[in-house]
Each structure stands twice: as structure tokens, then as C-alpha cells.
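**Student:** Using the sequences and the hints given, assemble the complete structure.
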Amino acid sequence: MSLIRRIFQRSPTQTILGHRIPEPRLTWMALLWGLLYLGLPLFVVGTLIDLVIQKVTGTCTGFWCFF
Numbered sequence: 175m176s177l178i179r180r181i182f183q184r185s186p187t188q189t190i191l192g193h194r195i196p197e198p199r200l201t202w203m204a205l206l207w208g209l210l211y212l213g214l215p216l217f218v219v220g221t222l223i224d225l226v227i228q229k230v231t232g233t234c235t236g237f238w239c240f241f
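As numbered in our numbering, residues 175 to 241 make up the sequence shown, in order.
These aren't lab readings, by the way, just hints derived from the structure by calculation.
Hints are not guaranteed to be accurate.
To be verified - Estimated spans, in silico, between C-beta atoms of each pair:
hint: 1; residue 1: R194; residue 2: V219; range: 40 to 50 Å
hint: 2; residue 1: P186; residue 2: D224; range: 47 to 57 Å
hint: 3; residue 1: F182; residue 2: Y211; range: 42 to 52 Å
hint: 4; residue 1: F182; residue 2: L205; range: 12 to 22 Å
hint: 5; residue 1: T221; residue 2: R199; range: 29 to 39 Å
hint: 6; residue 1: R180; residue 2: G232; range: 32 to 42 Å
hint: 7; residue 1: I178; residue 2: L216; range: 27 to 37 Å
hint: 8; residue 1: I178; residue 2: L200; range: 11 to 21 Å
hint: 9; residue 1: F241; residue 2: T187; range: 21 to 31 Å
hint: 10; residue 1: S185; residue 2: W207; range: 19 to 29 Å
We treat Cβ as the ideally placed atom computed from N, Cα and C, and that holds for glycine.
**Tutor:** If you want it as C-alpha cells, here you go:
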């Protein structure tokens, strides 16, 4: 079986005392936390790099230059 099929293959439905356990899924809260932990640090690092370039060269290269 190829690697891609193994990755996307669903596991058999699990039951406990006859009740079906819901499968894990991506929620809006998980997306929010992902943006917070990944997006915010990348935004801060990018902003600091733009600020350093602006201070060294005197030309604005950041997103705020458009405002």
C-alpha cells in the first residue's frame, strides 16, 4: 500500500459499550491556536526584520509602508 493511502486511510470505528466514539477532527479552536502559536511568532519576526532593514538602509520594506 502506498504511503499516501496509508496516511489518508481511516481507522476502523471504535465503540465503547456500544457507543461510537467520534473521530478526531480539526476545529475552529484548533485553527485559532495554530495561528496563535505559528502565525503570531512569524509575524513578529518578520516585523522585526523589516524594522532592522528600515533602520539600516533608510528605506521602508515593511507592510506598514503602504499606510
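**Student:** Against the range 12 to 22 Å, how does the distance between the Cβ atoms of F182 and L205 compare: consistent or not?
**Tutor:** Distance hint for F182, L205 holds at roughly 20 Å.
**Student:** For the hint 29 to 39 Å, verify it against the beta carbon of T221 and that of R199.
**Tutor:** Hint holds: Cβ distance 33 Å, inside 29 to 39 Å.
**Student:** Check the following: the C-beta atoms of F182 and Y211 are separated by a distance inside 42 to 52 Å.
**Tutor:** 25 Å, violated
**Student:** Is 32 to 42 Å right for how far apart the beta carbons of R180 and G232 are?
**Tutor:** 54 Å, violated
**Student:** Could you see if the CB distance from S185 to W207 stays within 19 to 29 Å?
**Tutor:** 24 Å, holds
**Student:** Does 40 to 50 Å hold as the CB distance between R194 and V219, or does it fail?
**Tutor:** The hint (40 to 50 Å, Cβ to Cβ) holds, given that R194 and V219 are roughly 44 Å apart.
**Student:** Take a look at whether the Cβ-Cβ distance between F241 and T187 falls inside 21 to 31 Å.
**Tutor:** 52 Å, violated
**Student:** Indicate whether the distance between the beta carbons of I178 and L200 respects the range 11 to 21 Å.
**Tutor:** With a Cβ separation near 19 Å, I178 and L200 satisfy 11 to 21 Å, so the hint holds.
**Student:** Do I178 and L216 keep their Cβ atoms within the hinted range of 27 to 37 Å?
**Tutor:** At 28 Å between Cβs, range holds.
**Student:** Just tell me: holds or violated, for the beta carbon distance of P186 and D224 against 47 to 57 Å?
**Tutor:** 50 Å, holds
Violated hints, listed in ascending order, are 3, 6, 9; each of the other numbered hints is respected by the structure.
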